[in-house]
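*Asks:* Position chain B with the ligands relative to chain A; hints supplied.
Residue numbers (my numbering), protein chains in the order written: chain A, 1 to 151; chain B, 1 to 151.
Don't read these hints as lab results, they were simulated from the structure.
Any given hint could be a false lead.
Identical chains blur together in the list; that is why a pair holds if it fits in one copy or across any two.
As the list claims (entries may be wrong) - In the SDA-like style, the derived pairs of lysine to any residue whose C-alpha atoms are separated by at most 20 Å in a straight line are:
#	residue 1	residue 2
1	117	136
2	94	145
3	136	125
4	94	131
5	94	109
6	94	65
7	136	21
8	6	21
9	6	22
10	6	139
11	6	113
12	136	67
Keep in mind that this is a model prediction, so the values were computed, not measured.
Protein chains: 2
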Amino acid sequence: MTDTDKIFLTQALTEARHGFDQGGVPVGAVMVRSGQIVARGRNKRVQENDPVMHGETDCLRNAGLMEDYNDTEMYTTLSPCMMCTGAILHFGIKRVVIGENINFPGNIELLLDFGVKVALADDPACKNLMAQFIRKYPELWFEDIAGRSHT
Amino acid sequence: MTDTDKIFLTQALTEARHGFDQGGVPVGAVMVRSGQIVARGRNKRVQENDPVMHGETDCLRNAGLMEDYNDTEMYTTLSPCMMCTGAILHFGIKRVVIGENINFPGNIELLLDFGVKVALADDPACKNLMAQFIRKYPELWFEDIAGRSHT
Ligand SMILES: [Ca+2]
Ligand SMILES: [Ca+2]
Ligand SMILES: [Zn+2]
Ligand SMILES: [Zn+2]
Chain A
1 MTDTDKIFLT QALTEARHGF DQGGVPVGAV MVRSGQIVAR GRNKRVQEND PVMHGETDCL
61 RNAGLMEDYN DTEMYTTLSP CMMCTGAILH FGIKRVVIGE NINFPGNIEL LLDFGVKVAL
121 ADDPACKNLM AQFIRKYPEL WFEDIAGRSH T
Chain B
1 MTDTDKIFLT QALTEARHGF DQGGVPVGAV MVRSGQIVAR GRNKRVQEND PVMHGETDCL
61 RNAGLMEDYN DTEMYTTLSP CMMCTGAILH FGIKRVVIGE NINFPGNIEL LLDFGVKVAL
121 ADDPACKNLM AQFIRKYPEL WFEDIAGRSH T
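Next comes chain A alone, as it looks inside the complex (with noise of 0.2 Å):
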């Protein structure tokens, strides 16, 4: 984590606190090359009715058609679930910035062993938001992770 990585990880959870005043699932994330944001993106499950908007999947959208994702990273609020980590492996994305993985522990693991460089913030205000939603919209949230606890 560099001063450099907090800056954009702050990024990411404007999107997320933008979703949060939505009432959607209050994840967002951003990507980022060659030291420039290139595309937000935030979870949209509740903001068009659309499981498979997670705020990196949706990031991904906003980025575009590309014709490979060399030197990209991704900064998200919240450990990526299984879906998004796969979009992550599946992309070539290099380097992953993560914000918490106490509220869904994700899928480190396996991104480390695909080789993608991962980074893990353990951030207070990214863990109070994504509290502060589950405490509020427990089923929903449940919904969102597909009944899983986990991965």
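*Replies:* Positioned in the frame of chain A, the structure of chain B with the ligands alone reads:
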């Protein structure tokens, strides 16, 4: 592979053929529950400039918000990439019927490792359509799989 499986796989192939006719990546999918098709999907990389809409993810989107995926089955013309494998695992789809894994090996082992039932059709029509597409648009195919040849 039952006779019913063949009927549903043919419906996935119909989606793939529509995609081909649209100039898109010809991978199609249908989701089945209680013996009925509940959603259809096709790769929309070209049609919607969306890299995350593969046959399976488009099908999951079109299925809309579901409380759970108990008793759901996914039929797909091509062995699922890592993103779609992750989506199948995340949502907890119980069984996947795969048209072919010759043009793209996919991640059948990972599905099996997580307890998903898999049936592989090795279907000539699925293989021919995909092979025809890859010959015609090799660069588009290469980008869709983000430069990977395997997973
Ligand atoms: Ca190109
Ligand atoms: Ca409910
Ligand atoms: Zn996810
Ligand atoms: Zn896929």
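*Asks:* Are the hints correct? Go through all of them and say.
*Replies:* Quick rundown of the hints versus the structure:
1. 117 x 136: neither (33 Å within a copy, 36 Å between copies)
2. 94 x 145: Result: close only across copies, 16 Å inter versus 25 Å intra.
3. 136 x 125: within (17 Å within a copy, 50 Å between copies)
4. 94 x 131: Neither, since 29 Å and 30 Å both go past 20 Å.
5. 94 x 109: within (15 Å within a copy, 24 Å between copies)
6. 94 x 65: Classified as within; 17 Å inside a copy, 31 Å across copies.
7. 136 x 21: within (13 Å within a copy, 47 Å between copies)
8. 6 x 21: The answer is neither: 22 Å in one copy and 46 Å across copies each exceed 20 Å.
9. 6 x 22: Answer is neither; intra-copy 24 Å and inter-copy 43 Å both fail.
10. 6 x 139: Intra 31 Å, inter 37 Å, cutoff 20 Å: neither.
11. 6 x 113: neither (25 Å within a copy, 36 Å between copies)
12. 136 x 67: This pair counts as between: shortest inter-copy Cα distance 18 Å, intra-copy 41 Å.
Violated hints for the displayed structure, listed by number in ascending order: 1, 4, 8, 9, 10 and 11.
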